[in-house]
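2 protein chains.
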Amino acid sequence: MRLAVIGAGAVGRSVVELAGEYGHEVVAVADSSSAVVADASSDSSAGNGLGVDAEAIVTRKAETGIVGDGDPADALAADYDVLVEATPTTLGDAEPGFSHVRTALERDRHVVLANKGPVAERYGDLQALAADSAGDVRFEATVGGAIPAVSTVEDIEPGHVTAVRGVLNGTANFILTRMAAEGLDYDHVLSEAQDLGVAEADPSFDVDGTDAALKCVILANVLSFGGADDPADAREFSLEDASVEGIRDVPGSVLRLAAEDGRTVRLIGEATGETVRVAPRLVHENGTLAVSGTQNIVQIETTHAGRLNISGRGAGGPETASAILGDVGRLG
Amino acid sequence: MRLAVIGAGAVGRSVVELAGEYGHEVVAVADSSSAVVADASSDSSAGNGLGVDAEAIVTRKAETGIVGDGDPADALAADYDVLVEATPTTLGDAEPGFSHVRTALERDRHVVLANKGPVAERYGDLQALAADSAGDVRFEATVGGAIPAVSTVEDIEPGHVTAVRGVLNGTANFILTRMAAEGLDYDHVLSEAQDLGVAEADPSFDVDGTDAALKCVILANVLSFGGADDPADAREFSLEDASVEGIRDVPGSVLRLAAEDGRTVRLIGEATGETVRVAPRLVHENGTLAVSGTQNIVQIETTHAGRLNISGRGAGGPETASAILGDVGRLG
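Protein chains in written order, with full-length UniProt numbering: chain A, 1 to 332; chain B, 1 to 332.
Just so you know, these hints were derived from the structure itself, not from any lab. Careful, some of the hints might be misleading.
So, partial list: chain B residues that the calculated Cβ filter (under 7 Å) puts toward chain A [said to hold, decoys possible]:
{"id": "1", "residue": "ASN286"}
{"id": "2", "residue": "ILE310"}
{"id": "3", "residue": "GLY326"}
Just so you know, even glycine gets a beta-carbon here, dropped at the ideal spot from N, CA and C.
Next up, chain A with everything else stripped away, as it sits in the complex (with noise of 0.2 Å):
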């Protein structure tokens, strides 16, 4: 297939470099400012003559912040059969990953999305848009990274499934599992966290819980579109429908108390078709959600087959691409 990767990030960037591999080409790429869309006569690409040429733009971008000499509106206006939608996530209006989403659909194009703005916050929008659209919209890459959470719900059936939790965030784990580990206080483990680069200059969006949030929320949509006779009658959820609590107020008391009773803490988001929930709990310290460092967990419950869990690496480049390229191989 015919790629179009808006967004330039560490995801953009691997999906540009991996597509080749998974038989794809990336015939235009955009970040916020510019655009390279790759002439259909040129030969200057990775070799098949219709793709851009993914090592130079990973360099220049490396090396001037830009992507190429173009508008992001070519790339949007580009000949493609699927775009990549990797912008950074946005809240509310989810602009303007909405509307590069919407743009692609109208003209009947796939859309793959890592951005969770529209998903979590549009969800009914984004419904809607597909139904109407010969292209599909698959998000596999905005929740738990590798793990393949959305399209084992998928797989199962929504109906079947009751219930998604897990650790979805490496961030809060890196941390929570530091603080456990060496009897740490938090913002001691934060700035170290911060040093590695697991956490940003600001973490908020990580350690408040929002980014777990955000990913229950996309799990609450699918369980509740899914599972609903009639779409048109599912509850949408989105952030403000979630009840969400930080790792911030957990001190290392807490973590020590609970050694002693074979216990730790971890940040856990839970969704069903009815509720969305973050919050740091209490989980044996050997049992199954207590993954460590940044590892996440997708435990599913299902109907007929009992409990799945699903551990993986939550984030990355690589990570990210490879769910997004495993969207698009399952694409009509």
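The hints should help you fit chain B onto chain A, whose structure is shown.
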């Protein structure tokens, strides 16, 4: 879709009972000596006028040992979209299961297998029949029960998977778990397992590692054929290619020694595109591979997404039926 279910053991009966919940109709059911085929004009089914009476069939099988008055050939000749092959696994020529599959594919129908025989012992023949058929072949239910092992490898793409390993037999795992937990020896725990229905009267298929090996052979075939540039050049695996060691010779003393070092023993199977190996191995007692009781775990090593772990129920009627019906949902 209309399903013809061949095999009326626990798995076949569960498919018959659950198909309606997934939006499918069962139009024919056969066991080794009998069959029942729905009359297309009949309304004696569970309400849709097209399917068999699931409850009546399950009751009749329980009370009389047969499912109906027809001949198994009637089921194979019925008008169905998908043949579900759920007869007992046989080795070597994998008959009669293989012929059931061939009949369906030559009629351009889809096939979904729970029977490991054709997939482990005659993978090349199976692929050739599928290539010449308008029908597709899927076999999620042959590996790991409710665990989506095959579809996850398929989505990541076999060429991006370097190895798949795990605990793939619940009977052997239950025995080892109980030996470690209670300090009992193999023979004692085997009796307990047989009393609980976790082990068969003749447990060799499970405790000798044959069942786990067949599952690993299937995974090796998926990696080998899926990762090959030309399937005609792919190496084909069968049970005789597997190096297999079971759990009969694991003494209680090994488990006690291991426990002193924070380890335990699990029957681990591993498949790559080049090798298949099943043997008892030392694992960390709280490590990911140390699942307990009858649980299974599949660990997938990927090129770009690190390691994925998927654990859950590896066997059971509803669990395996869930995998079969998930496959039906993924068909063209």
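Item to check | Cut-off 7 Å, beta-carbon criterion: hint that GLY326(B) touches chain A | outcome: Holds, because the Cβ-Cβ distance from GLY326(B) to chain A comes to roughly 4 Å (cut-off 7 Å).
Item to check | Restraint satisfaction for ASN286(B) [CB to CB of chain A, less than 7 Å] | outcome: Nearest chain A Cβ about 4 Å off; hint holds.
Item to check | Status of the hint placing ILE310(B) at chain A (closest C-beta pair under 7 Å) | outcome: holds, 5 Å
No hint from the list above goes unmet by this structure.
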